[in-house]
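S.K.: Residues per chain, in single letters:
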Amino acid sequence: MAAAAASFHVRSAGAVRRRAVNALMTGALWAAALSILVLLAFFVGYILYLGAPAISWHFLTAPPSEVDAGGGIGPEIFNSFYILILTLFFTTPIAMAGGIYLQEYARPGLFTSAVQFCAESLATVPSIVMGLFGLLVFVTMLHWKVTALGGALTLTLLNLPALMRVTQEALASVPDAFREGSMALGATQWQTIRRVVLPSAIAPLTTGIVLIAGRIFGETAALIFTAGVSVSTGRSAYDFGLFHQAETLSVHLWYTHSESLVPDAARVGNGSALVLLVMVLIFNLSARFIGLGLSRRFMGK
Amino acid sequence: MITMMSMPAPPDGVLPETAPKMRVENLNVYYGKLQAIKNASLRVPKNRVTALIGPSGCGKSTFVRALNRMHDLNPSVRVEGVVTLDDEDIYAPGVDPVAVRHRIGMVFQRPNPFPKSIFDNVVYGLRIHGARGRRHLMELAERSLRHAALWDEVKDRLNHSALELSGGQQQRLCIARVVAVEPEVIVMDEPASALDPIATSKIEDLIGELKKDYTVVIVTHSMQQAARISDYTAFFLMGDLIETGKTRDIFFKPTDKRTEDYITGRYG
Numbered sequence: 000m001a002a003a004a005a006s007f008h009v010r011s012a013g014a015v016r017r018r019a020v021n022a023l024m025t026g027a028l029w030a031a032a033l034s035i036l037v038l039l040a041f042f043v044g045y046i047l048y049l050g051a052p053a054i055s056w057h058f059l060t061a062p063p064s065e066v067d068a069g070g071g072i073g074p075e076i077f078n079s080f081y082i083l084i085l086t087l088f089f090t091t092p093i094a095m096a097g098g099i100y101l102q103e104y105a106r107p108g109l110f111t112s113a114v115q116f117c118a119e120s121l122a123t124v125p126s127i128v129m130g131l132f133g134l135l136v137f138v139t140m141l142h143w144k145v146t147a148l149g150g151a152l153t154l155t156l157l158n159l160p161a162l163m164r165v166t167q168e169a170l171a172s173v174p175d176a177f178r179e180g181s182m183a184l185g186a187t188q189w190q191t192i193r194r195v196v197l198p199s200a201i202a203p204l205t206t207g208i209v210l211i212a213g214r215i216f217g218e219t220a221a222l223i224f225t226a227g228v229s230v231s232t233g234r235s236a237y238d239f240g241l242f243h244q245a246e247t248l249s250v251h252l253w254y255t256h257s258e259s260l261v262p263d264a265a266r267v268g269n270g271s272a273l274v275l276l277v278m279v280l281i282f283n284l285s286a287r288f289i290g291l292g293l294s295r296r297f298m299g300k
Numbered sequence: 000m001i002t003m004m005s006m007p008a009p010p011d012g013v014l015p016e017t018a019p020k021m022r023v024e025n026l027n028v029y030y031g032k033l034q035a036i037k038n039a040s041l042r043v044p045k046n047r048v049t050a051l052i053g054p055s056g057c058g059k060s061t062f063v064r065a066l067n068r069m070h071d072l073n074p075s076v077r078v079e080g081v082v083t084l085d086d087e088d089i090y091a092p093g094v095d096p097v098a099v100r101h102r103i104g105m106v107f108q109r110p111n112p113f114p115k116s117i118f119d120n121v122v123y124g125l126r127i128h129g130a131r132g133r134r135h136l137m138e139l140a141e142r143s144l145r146h147a148a149l150w151d152e153v154k155d156r157l158n159h160s161a162l163e164l165s166g167g168q169q170q171r172l173c174i175a176r177v178v179a180v181e182p183e184v185i186v187m188d189e190p191a192s193a194l195d196p197i198a199t200s201k202i203e204d205l206i207g208e209l210k211k212d213y214t215v216v217i218v219t220h221s222m223q224q225a226a227r228i229s230d231y232t233a234f235f236l237m238g239d240l241i242e243t244g245k246t247r248d249i250f251f252k253p254t255d256k257r258t259e260d261y262i263t264g265r266y267g
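Sequence lines, in order, name chains A and B. Residue numbering for the first sequence follows numbering that gives the first Met the number 0, beginning at 0 and increasing consecutively. Residue numbering for the second sequence follows numbering that gives the first Met the number 0, beginning at 0 and increasing consecutively.
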């Protein structure tokens with residue numbers, strides 16, 4: 000065999016084995032990726048199958064029922080958005096300020112490590128524990144009883160570390176060359192952050208906030224004891240009272256399946272699950288599109 | 000070390016000597032425990048181009064970053080020594096590094112336009128320093144872009160993203176951005192090393208123009224470039240400033256054996 004001519008053909012046993020392993024691993028990884036897709040499709044499909052018959056205009060807008068069949072989830076949908084907006088209102092400024100401080104200003108040291116450590120510890124607190132903490136502080140200690148505000152503040156505590164981390168990571172994605180370019184023109188650090196770093200980080204920042212919004216929207220355990228399992232009855236579906244009970248959609252889903260007395264609890268639960276799932280999917284999809292659109296706009300493509 | 004002031008009268012074709020715009024005396028720079036610059040001293044003559052040459056890792060970039068206090072941004076870097084601008088020590092207590100950088104602008108190795116429009120890039124520094132009014136900013140932007148020989152290429156798309164420009168255009172935009180704030184000294188850290196030959200020659204022509212109004216310090220790894228564009232040259236080797244002088248002296252009659260070895264290509 001001519002040494003030069005045979006070079007493209009695999010001959011040795013070792014090479015054959017390496018190629019076989021390579022093919023096997025490629026296949027295994029592909030199968031793993033495919034299984035995620037299949038699982039999600041099955042999951043969505045099943046919830047759609049169960050929940051779709053329950054969906055109607057009446058179901059989406061009517062107040063829930065305590066005893067009779069035919070209750071809706073109108074106030075719950077409203078409360079979910081209301082508590083989401085309240086939570087973001089409290090969380091975003093604090094988390095962004097903390098993230099900016101840690102990423103842009105903090106120099107390595109005891110204080111920085113302490114803040115990081117606290118944030119990480121806070122991030123690992125199970126949401127039910129945070130719910131009990133909210134119960135102790137807002138419901139009992141402050142005598143607010145079970146309220147929308149208490150629920151939103153509990154969710155603020157729960158999501159503060161994640162949003163701070165999102166901010167840090169978004170800022171870390173901005174090349175130092177931008178900071179240096181700005182500083183070399185005689186800009187102060189704050190001018191650099193406000194005019195160059197934050198606008199450059201707007202896409203990952205927005206994506207991260209919307210994803211966390213989806214999480215807040217679906218949060219349940221932390222709200223059961225703090226925002227409550229009922230909507231203020233006798234009022235309209237749209238109750239802006241900060242100190243009123245405010246059962247969200249996800250809490251309602253838990254409630255109908257575990258404690259509800261209505262005969263059509265399964266129908267209400269399945270419908271709620273579908274609405275919740277669709278909402279969270281919308282958050283995730285819009286996070287992608289917003290991120291894509293913003294980076295196009297700022298990166299000039 | 001040869002001081003430039005003691006050099007003999009220049010031959011024909013060489014610009015007359017000027018007073019030093021900046022002086023560096025006994026500069027030491029440390030990255031943690033590693034000393035990157037060892038006791039370097041240099042005079043930077045006004046309205047001239049001073050080139051810093053030397054092999055990779057010799058400390059020339061570290062040196063120029065000490066000229067406008069860019070090292071302040073990195074807490075692990077320590078700078079010792081005296082650096083003056085118009086005989087004023089920029090490292091003296093109470094000196095605002097932001098004000099220093101306003102007077103000593105910097106162009107970096109890789110073009111780093113902000114992800115904003117061409118116009119917003121050029122007027123960035125002006126806005127930082129309080130300039131307002133669209134028409135006023137427009138005039139200043141045009142002047143700076145003309146100064147950086149970029150106006151004709153971008154005048155019809157000022158509101159396009161700067162990231163649409165080619166690498167060479169981006170670098171000229173960065174020069175325009177620095178020129179716009181009218182610093183006194185422009186420091187360039189290998190401004191053409193990421194560019195193709197045509198873009199490089201445009202930048203070199205531009206540097207020749209800029210020295211009419213500004214004092215220029217340029218780091219380059221290309222000896223040919225140093226020979227083409229600079230009036231004075233400083234040679235660095237492993238953190239030491241080996242020799243400084245008029246560019247033609249450094250290239251044709253270096254006094255230090257190590258300079259000669261580098262010029263004749265005996266170092267990588």
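Please keep in mind that the hints were generated in silico from the structure rather than gathered at the bench. Don't take each hint at face value.
[As the list claims (entries may be wrong)] Taking beta-carbon pairs under 7 Å as the criterion, some of the chain A residues facing chain B (in silico):
hint: 1; residue: Ala22
hint: 2; residue: Met24
hint: 3; residue: Gly180
hint: 4; residue: Ala183
hint: 5; residue: Trp189
hint: 6; residue: Gln190
[Said to hold, decoys possible] Chain A side only, calculated, beta carbon under 8 Å to chain B, not exhaustive:
hint: 7; residue: Ser11
hint: 8; residue: Gly13
hint: 9; residue: Glu103
hint: 10; residue: Ala105
hint: 11; residue: Arg106
hint: 12; residue: Phe177
hint: 13; residue: Met182
hint: 14; residue: Leu184
hint: 15; residue: Val195
hint: 16; residue: Ser199
hint: 17; residue: Pro203
[Claimed, not checked] Negatives, chain B to chain A, calculated, CB over 10 Å:
hint: 18; residue: Lys37
hint: 19; residue: Lys45
hint: 20; residue: Arg109
Glycine included, each C-beta is placed from N, C-alpha and C at the ideal position.
S.K.: Which numbered hints are broken by the structure, listed smallest first?
M.R.: The structure conflicts with hints 1, 2, 5, 7, 8, 9, 10, 17 and 20, although it agrees with all the remaining ones.
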